[in-house]
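Fit chain B to the given chain A structure using the hints.
Those sequence lines, one after another, are chains A and B. Here the working numbering is used: the first residue of the first sequence is -15, the next is one more, and so on. Here the working numbering is used: the first residue of the second sequence is -15, the next is one more, and so on.
Hints should not be assumed to be uniformly reliable.
Each pair may be met inside one copy or between any two copies, as identical chains are not told apart.
[What the hints assert, rightly or not] Cut-off 25 Å, straight-line C-alpha distance, at most; resulting in silico cross-link-like pairs (BS3-like, lysine-lysine): (1) Lys5 - Lys19; (2) Lys72 - Lys27; (3) Lys345 - Lys478; (4) Lys27 - Lys(-6); (5) Lys516 - Lys(-2); (6) Lys218 - Lys516; (7) Lys331 - Lys220; (8) Lys214 - Lys516; (9) Lys27 - Lys5; (10) Lys483 - Lys345; (11) Lys223 - Lys516; (12) Lys447 - Lys218.
Just so you know, these hints were derived from the structure itself, not from any lab.
Spelled out, the chains give:
There are 2 protein chains.
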Amino acid sequence: MKSDIDIARKANLKNIEEIAKQIGISDEFLEPFGKYIAKVDTKILKTLENKKDGKLILVTAMTPTPAGEGKTTTSIGLSMALNKIGKKSIVTLREPSLGPVFGIKGGAAGGGYSQVLPMENINLHFTGDIHAVSAAHNLLSAVIDAHIKFGNELGIDPAKIYWKRTMDMNDRALRQIVVGLGGSANGYPREDGFIITAASEIMAILCLAKDITDLKERISNIVVAQSYDKKLIKVKDLKIQGAMAALLRDAIKPNLVQTIENTPAFIHGGPFANIAHGTNSIIATKMALKLADYVVTEAGFAADLGAEKFLDFVAPTAGYDVNVVVIVATIKALKYHGGLKKNELDKENVEAMIKGLENLKTHIENLKKYNVPVVVTLNVFNTDTQKELEEFSKHCETPHALVYAFEKGGEGAIDLANLVLENIVENQYTPLIKNDMSLEEKIKILAKEIYRARDVIYTDTAKSKLRFLKKHGYDTLPVIIAKTQSSISDDPKKINAPKDYDFTIRNFELSAGAGFVVALAGDIMRMPGLSKIPNAVNIDIDEDGNIVGLS
Amino acid sequence: MKSDIDIARKANLKNIEEIAKQIGISDEFLEPFGKYIAKVDTKILKTLENKKDGKLILVTAMTPTPAGEGKTTTSIGLSMALNKIGKKSIVTLREPSLGPVFGIKGGAAGGGYSQVLPMENINLHFTGDIHAVSAAHNLLSAVIDAHIKFGNELGIDPAKIYWKRTMDMNDRALRQIVVGLGGSANGYPREDGFIITAASEIMAILCLAKDITDLKERISNIVVAQSYDKKLIKVKDLKIQGAMAALLRDAIKPNLVQTIENTPAFIHGGPFANIAHGTNSIIATKMALKLADYVVTEAGFAADLGAEKFLDFVAPTAGYDVNVVVIVATIKALKYHGGLKKNELDKENVEAMIKGLENLKTHIENLKKYNVPVVVTLNVFNTDTQKELEEFSKHCETPHALVYAFEKGGEGAIDLANLVLENIVENQYTPLIKNDMSLEEKIKILAKEIYRARDVIYTDTAKSKLRFLKKHGYDTLPVIIAKTQSSISDDPKKINAPKDYDFTIRNFELSAGAGFVVALAGDIMRMPGLSKIPNAVNIDIDEDGNIVGLS
Chain A
-15 MKSDIDIARK ANLKNIEEIA KQIGISDEFL EPFGKYIAKV DTKILKTLEN KKDGKLILVT
45 AMTPTPAGEG KTTTSIGLSM ALNKIGKKSI VTLREPSLGP VFGIKGGAAG GGYSQVLPME
105 NINLHFTGDI HAVSAAHNLL SAVIDAHIKF GNELGIDPAK IYWKRTMDMN DRALRQIVVG
165 LGGSANGYPR EDGFIITAAS EIMAILCLAK DITDLKERIS NIVVAQSYDK KLIKVKDLKI
225 QGAMAALLRD AIKPNLVQTI ENTPAFIHGG PFANIAHGTN SIIATKMALK LADYVVTEAG
285 FAADLGAEKF LDFVAPTAGY DVNVVVIVAT IKALKYHGGL KKNELDKENV EAMIKGLENL
345 KTHIENLKKY NVPVVVTLNV FNTDTQKELE EFSKHCETPH ALVYAFEKGG EGAIDLANLV
405 LENIVENQYT PLIKNDMSLE EKIKILAKEI YRARDVIYTD TAKSKLRFLK KHGYDTLPVI
465 IAKTQSSISD DPKKINAPKD YDFTIRNFEL SAGAGFVVAL AGDIMRMPGL SKIPNAVNID
525 IDEDGNIVGL S
Chain B
-15 MKSDIDIARK ANLKNIEEIA KQIGISDEFL EPFGKYIAKV DTKILKTLEN KKDGKLILVT
45 AMTPTPAGEG KTTTSIGLSM ALNKIGKKSI VTLREPSLGP VFGIKGGAAG GGYSQVLPME
105 NINLHFTGDI HAVSAAHNLL SAVIDAHIKF GNELGIDPAK IYWKRTMDMN DRALRQIVVG
165 LGGSANGYPR EDGFIITAAS EIMAILCLAK DITDLKERIS NIVVAQSYDK KLIKVKDLKI
225 QGAMAALLRD AIKPNLVQTI ENTPAFIHGG PFANIAHGTN SIIATKMALK LADYVVTEAG
285 FAADLGAEKF LDFVAPTAGY DVNVVVIVAT IKALKYHGGL KKNELDKENV EAMIKGLENL
345 KTHIENLKKY NVPVVVTLNV FNTDTQKELE EFSKHCETPH ALVYAFEKGG EGAIDLANLV
405 LENIVENQYT PLIKNDMSLE EKIKILAKEI YRARDVIYTD TAKSKLRFLK KHGYDTLPVI
465 IAKTQSSISD DPKKINAPKD YDFTIRNFEL SAGAGFVVAL AGDIMRMPGL SKIPNAVNID
525 IDEDGNIVGL S
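Chain A extracted, bound-state conformation (with noise of 0.2 Å):
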């Protein structure tokens, strides 16, 4: 097998100006990064106010597992394939971050005959959006320190500072740290930390936001600090929302670039699924639904976490109808939840594989909750033995097809593109959660529903934050759960169905600039590390600038 690198130097890139006339943009609307890069200016938008949105495929997962699933590649393929069958689609994906480029991963633009091209720029640095956001951020929490030096009129409480600063890099050094040494020159020490760039709430305020003025607006609500006299200090308090927002002029405009087979990507913005709501910006999606007949999009780890944040937070947000849904499956991850260990996952294993099967069908009952149809797609693997994808087929009672996107590229996911075609419907989709109900009701609904718990536990700090948060009005706010990826519940080691335990939230974190509340269910991990054999090691330039290391 070829590397991911080899196989995309091979492919026939057009010029991004060709991609963009592909689907419609002129030059006019276009900011070229080279030749197969461009930003495409948001004012486009309102020349297409009065087209017919395509559309709306959202493509999630079964519970991961240490395996990889190839969401995106599936994505991918997904979107390739249904150029191939003659139908205008456009993919839309996250922009991957540096940490887990030198971390573990090594890359997030794809992989084999699906990926996402130039796959060096995407991986590293790409337009700068996630520079932009970090320098955003920073300059906030330089200005905080600067106005408690001199004289903190807002009486800013140095203890009760909400908003750490931030890094696009794994770097465990950073999680908890003093800072202000030195004597007064350099301010006054405090605790503080930083947290990875995608973590961050300008990441997902620029994910949500509408248009520069909405990004404006949202970033002055952030809450980032309380006073001596208990008032709660905003961005606005401090006013660099400005500042902050021209730092993001060109961080809000959508990165088009394209697939091994010139379908036009949108990649654009990073949010983690976790603490945040895991899908690319919005402005981006809406773009592609006004320029596509069939946009896929693809929601952070799996349909408990990202689907549940798309549909009842995202989607409702942007004012989407969503489609139809599309489940990525493997034997390998089925078997996972079936009990295997991770290497015991390459032999044939058809009993684990059916009894894993619970995991995808609870994700499917969930999303059909939503009033969407969902299809359920098989990547394969080589691994995997032809007896073991017939029990599957056997057994999967939802529309499923296999795909083979990794290997054949928009080829390989034909089947799955024709089944996403006869399930696609219109205005049926409904949220799980209302907008109206008090951050408890939302939780026991997804606590129950999605997470299937028996009951909801608060610790006693998160009731003492909820009195908070109530207090200061932020009590109806959307939620969006932080737990782990690994397991529907909240305990990664309950892998399969879990069901009939004791949801806990421990904590709250408001981001009332993007607009939610982050209830914790778990230990979010908000600044990965390196680990001992980092991918960095792996990564090397040669004389005439190619990169490798990179998948």
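Frame of chain A; chain B shown alone:
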């Protein structure tokens, strides 16, 4: 007077492809970033090998004062004036850092009718080079701490880690910090700090590297720490020079933009002029020398800092001939060095002005020691009186011209352009410092000949560090003196033309990758702070994406 941004918006910019064509860069080497910015592929240099270099005009200044001297504005104006009188000229400048943009200055793209454009982009993110430097720098930090956490095979002494983290922000709270708190999952606690990206050794390396291979080689030689058994730990021991260089793949390519009058400008790299060498990248200037007959380049701070480093280190490293040096003076700065306070500078005072000429004279004498012709240019402000200007001309014995570049653009610098052309020489420039001298010899020559000191004193710390450098074979590297920019001496309070004092070296720092040793002759700020009311509160963006508050 119109604001810089108002003037900028009225400019008739040409598409960057057209600007490129003007100097013979064909599309194949051009990577556009939007309509008005492009990176130029360094592969073009191979095709130009046999072309004769143009003439190099170095712009420097007398000792700066709080009033500002307008060196960038003059450089831009001079290059435009050369084009106006029929010469083919390019200006090469450093990239602005975000720190000063949000701090005090508000921008660094020239001013009035002598600006490089689009100034909003140049001031905010530009083509992402500085972010790329930050990412490469911080990847190294994360790898060092991960290495120690996972067994510390190299035996790195956590108390002897020289490599701090970096951020492109004025953030004093990060100057001195403790990282790795919170238990062993987060590593181990140790003292650390952040420096601003312009002060990063990676930035210096980017601006000195011949090509990507040289860049990688220099990175691999960076000394990051000492081991328990007193060995020096280099990047190559951690094996991530490839990943760091990969992050800089695009950053190494010069950025082409244009001035308000469509003069081509390379803006590339932004190292500090105290802790590093303070001029734009060698690659950009070399490219400009192949593409134009006259290249105007600017060195940071005053002639004793930027020009000295250019003439003793950058030009010998790059192999430049330096054909003429322009030294920028202002009536205000002369009066300041003549003893007036900042608030007295607007009033006519010929006597103070004449007294302050000593500062200018010292710099001129210094520069002549390099066998280069020197011309003086007086940057005229509207507060300067006719009498002051006349008396200046009477007392300044060096060839000089008045410039009005801020007010009139290239037209206002034609006298200067003609004077420059008259004074250009070839193959006369000679560095003052010889490469094979010891660090002490080099410092002694600079202290006596340039800083006009009686003697050089070394603190005990400096002496001990000198022994360390000798032990490890770094004692004949080029020397970069880090000292105050406010005086020719090492004491910011000594204005005008100090002499016969003791020049004190407090410490040394090794930049083994960049290939120099920094001799610290003062407190050098490597992480600035924001002021009480930072410029960030003046910056805003409207619904059409227009940014205000930059200048």
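Going through the hints against the structure:
1. For a Cα distance limit of 25 Å, the shortest separation of Lys5 from Lys19 qualifies both inside one copy, at 14 Å, and across copies, at 17 Å.
2. In this assembly of identical chains, Lys72 and Lys27 lie within 25 Å of each other by CA distance solely inside one copy; the values are 22 Å within and 38 Å between copies.
3. Taking CA atoms no more than 25 Å apart as the test, Lys345 paired with Lys478 passes inside one copy only; the shortest distance there is 16 Å, against 79 Å between copies.
4. In this assembly of identical chains, the alpha carbons of Lys27 and Lys(-6) lie at most 25 Å apart only when taken from different copies (21 Å versus 35 Å within one copy).
5. Taking the shortest alpha-carbon separations for Lys516 and Lys(-2), neither the intra-copy value of 40 Å nor the inter-copy value of 51 Å comes in at or below 25 Å.
6. In this assembly of identical chains, Lys218 and Lys516 lie within 25 Å of each other by CA distance solely across copies; the values are 18 Å between and 40 Å within a copy.
7. In this homomeric assembly, Lys331 and Lys220 never come within 25 Å of each other (Cα to Cα): the closest approach is 58 Å inside a single copy and 41 Å across copies.
8. Taking CA atoms no more than 25 Å apart as the test, Lys214 paired with Lys516 passes between copies only; the shortest distance there is 23 Å, against 44 Å inside one copy.
9. Taking identical chains as interchangeable, the C-alpha atoms of Lys27 and Lys5 lie at most 25 Å apart only when both belong to the same chain, with a minimum of 16 Å there against 30 Å between chains.
10. For a Cα distance limit of 25 Å, the shortest separation of Lys483 from Lys345 inside one copy, 13 Å, qualifies, whereas the shortest one across copies, 85 Å, does not.
11. For the identical chains of this complex, Lys223 and Lys516 are inter-copy neighbours only, at 13 Å across copies versus 43 Å inside a copy, given an alpha-carbon limit of 25 Å.
12. Only within a single protomer do Lys447 and Lys218 lie at most 25 Å apart by alpha-carbon distance; the minimum there is 23 Å, versus 51 Å between protomers.
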